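Heads up: the sequence lines are chains A and B, in that order.
When we follow my numbering, the leftmost residue of the first sequence carries the number 1, and every step to the right adds one.
When we follow my numbering, the leftmost residue of the second sequence carries the number 1, and every step to the right adds one.
It is possible that some hints are incorrect.
Copies of the same chain look alike in the list, so a pair counts if it works inside one copy or between any two.
Listed next, the in silico DMTMM-like pairs over lysine to aspartate or glutamate satisfying Cα-Cα at most 20 Å (straight line) [as the list claims (entries may be wrong)]:
1. Lys61 with Glu49
2. Lys318 with Glu57
3. Lys279 with Asp448
4. Lys370 with Glu405
5. Lys134 with Asp328
6. Lys35 with Glu75
7. Lys147 with Asp100
8. Lys65 with Glu53
9. Lys65 with Asp30
10. Lys65 with Glu49
11. Lys97 with Glu145
12. Lys60 with Glu49
13. Lys224 with Asp248
14. Lys11 with Asp102
15. Lys249 with Glu331
16. Lys61 with Glu314
17. Lys150 with Asp14
18. Lys106 with Glu57
19. Lys204 with Glu414
20. Lys60 with Glu314
21. Lys134 with Glu91
22. Lys134 with Asp14
Because the hints were derived from the structure by calculation, they are not lab data.
Owing to the predicted nature of the structure, the values given are computational and were not obtained by experimental measurement.
Number of protein chains: 2
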Amino acid sequence: MTKEIGITVKKSLDFSDWYTQCVLKSGIADYSPSKGFIILRPYGYAIWEIIRETLDEELKKTGHKNGFLPVLIPESLLTKEKDHFDGFLPEVFWVTKSGDCDLGEKLAVRPTSETLAYSMFSKWISSYRDLPLKLNFWNSALRAEIKSTKPLIRNSEFLWQEGHTAHADENEANKEVRMILDIYKMLIEEYLAIPTLSGFKTDKERFVGAKYTTCLESAMPDGKALQMATSHHLGQNFSKPFEIKFLDKDTAEQYVWQTSWGISWRVIGAIIMVHGDDKGLILPPKISPTQVIIVPIYKDESKTIVKQKAYELEQKLKDSLIRVQTDDRDEYTSGWKFNDWEMKGVPLRVNIGLRDIQENQVELIRRDTKERFYVKERELVNQTLSILEKIQSNMFDRAKNLLQENTRSATTLEELLSVLDATGGFVACSWCGKRECEDLVKEKTTADIRIVPFNAKNNISSCIGCGNQETIEVYFGRAY
Amino acid sequence: MTKEIGITVKKSLDFSDWYTQCVLKSGIADYSPSKGFIILRPYGYAIWEIIRETLDEELKKTGHKNGFLPVLIPESLLTKEKDHFDGFLPEVFWVTKSGDCDLGEKLAVRPTSETLAYSMFSKWISSYRDLPLKLNFWNSALRAEIKSTKPLIRNSEFLWQEGHTAHADENEANKEVRMILDIYKMLIEEYLAIPTLSGFKTDKERFVGAKYTTCLESAMPDGKALQMATSHHLGQNFSKPFEIKFLDKDTAEQYVWQTSWGISWRVIGAIIMVHGDDKGLILPPKISPTQVIIVPIYKDESKTIVKQKAYELEQKLKDSLIRVQTDDRDEYTSGWKFNDWEMKGVPLRVNIGLRDIQENQVELIRRDTKERFYVKERELVNQTLSILEKIQSNMFDRAKNLLQENTRSATTLEELLSVLDATGGFVACSWCGKRECEDLVKEKTTADIRIVPFNAKNNISSCIGCGNQETIEVYFGRAY
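Just chain A, same shape as in the assembly:
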């Protein structure tokens, strides 16, 4: 038995403690002995595998290929693009020794792979025939977290994918940046059931070394904003220092245009935060490693027959490609199992006992609405398929309401501050585009511009900072 049973704090009372308990007790992750690092346990990794497979398929369909880059990057490469290096410097882990020997040159433990990848691009690209080059890497990145850490949201090492592409012209790179953002949005909204705002980062917030950054942002139930994924246009900022050049069809030499983009296991943290309740996780069916858990309810004398029926139902559901499991462990009570699978967030539970068998029925329990109802055994597969779909869309709808409730607007600094303090979330404001006004708001409210929406509205009101009349609408928020 686990030492502490279930989540012991309400989501609404202590969100932070509730979240940590959800992560640890459901078997998603655990703390590593090194401060700031976590371990992904099988339940968490299984979710990551589904996310990875889903995204990987989309990336392959759109012509991207996977590769592997070493985790250690020579200092001399990392320093080649100055803004990039300055941005990452404070959080880089450095290898300085191998065995007992000091290394001639320090090696950075991958904070991100632009520099290493592009040192290779300059070798691989020489002709227009080599373009576009569209590579992706499933790996982990390391950034020493000096601020407070939070499992899956902010750690010194995280699983992610990083995409790196090179194109013959600027506009093709523009299209790539947006296509990738669309794929991320599809993944996050349709699979993770989390609605997002999409748009640009401001110059202050863009990726170090990028020409511009696009991103997806979501609101968490505690009112904080969470960056879900980013897709960057790098312009020729890297191709020039790394000399990534190609001969075009007219044999003129040109620098390539580049993009990079990534999404991390942080989205698993978002799933927990957005969908979970006081009993624990609620997983969207499309990414739940177990979509249906069958719990046979038996006494000693009915054990064989009830388990037999459970396996039979499991097989039927499996045949319809439903991810299903039977919890047939004798060493745990049915009540313990109910609580455990609820905490783990399995979307649908099937209870089956001797009485049910006699009546050719099973009991279904929805995790999202807690509804319980009986269905005839012969209708189990169809009902399950249809309920799983309903759960998926209900979860998205609930989350969408949450985002709408958490999106407000303000026209003055005072109003912005009071909205942020009262409820958090995103606050739409007008902004003149100047860094000073962005900094002023940050200083007064600790909020950043999370996103400049694509097709942002112009001149709705005057700038929240300086009162200037020429403005665009942006969303402020306090971030994780």
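For this one, chain A is given, so just place chain B on it according to the hints.
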């Protein structure tokens, strides 16, 4: 166009140069700017993905679950099992700084994860209900190569999987060790088409910290032995220092019994070495990312119709789950394409031209035997399926002959040395079991005992070292 066309050296004349050209020119891998590190390019990574998926499925079927462990391991953990630490110490990369700050404790960049995993096992295991615990990790390991490096065979970082299990009793751990070795053998023989010898390592050669090590060994065409995979019984060597204890059904406290095991991308190197020829790679169909390459042969006026037919054939083959691709690039000649796909080792090529269309036929070219023949279009799918099977088994048979030819025997040190110098490969000798004799042979011949076969024969002749009459048969070889 690539700068140098094709492999420029014969396999039989300069095996080492031939191998490196195969790796680099086929697009499998490239050198990283850091000495000793390589990059896996899309073609190499695609092979790794197929190997990974195949093995992952087997591991999941047998109850193993995947997880993620951080790449940095505190020094204090790594030192807990002394033999283990001493064994890895010379090749460990150490992180000593983050940003500009010195770390309080050095962090090792994962040479292997026993210590980190088992520090967690002690937290996760408390009852017999928590056993067996069978985890697997797909990641990379880093070991500073001080000797010469060879792409995929010996590098400072390599992709692999590492399995770690804990069991309630010793015999269950014994069974796990052998079951995993059987899975590896199935993968290597049935998928990679490489025959292996299986058995134990001697005490001298076993994994540092293990009670015993089992392994698979293969012979490469240059006469060197290559260790393909290992599976270790760790006894209670780690569970004691890491205090991994559980209460059994009688509530008595016991230490767990453990295993660990791994296979790396080195097997891709073995595929290249064993199967390749002067034209480049020959990939076994079961792990070839592209099993069939269709090359439409056209002039300007026949382009549309020939390409159209090629796409139609591609679709038919795809519908039968064959991994097929059409090389429809106008910027390369057919001859260039033939050479390129030959170098990449695609097992079967389909040529299709205007004349073939008129005669309802296509030309098939086998990569392994270079045979060419025409088949009727309507028979294409069936013929392809059957030829791919034939190629797979022909490749295994050829490799099996190679292994048999490369397995000899010797009864004296002089004979052993002359066999090793003349042909290399495995040499069966009788050995008394003493370390001194093993060391003596190493000193005189530079060969190690690669493997003590399961059910090794006893007392065939006297010990190759000391002449003692009580012996077992072992295989000596010079290793990579």
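Query raised in the report: So which of those numbered hints doesn't the model satisfy?
Result: 3, 4, 13, 14, 18, 19, 21, 22
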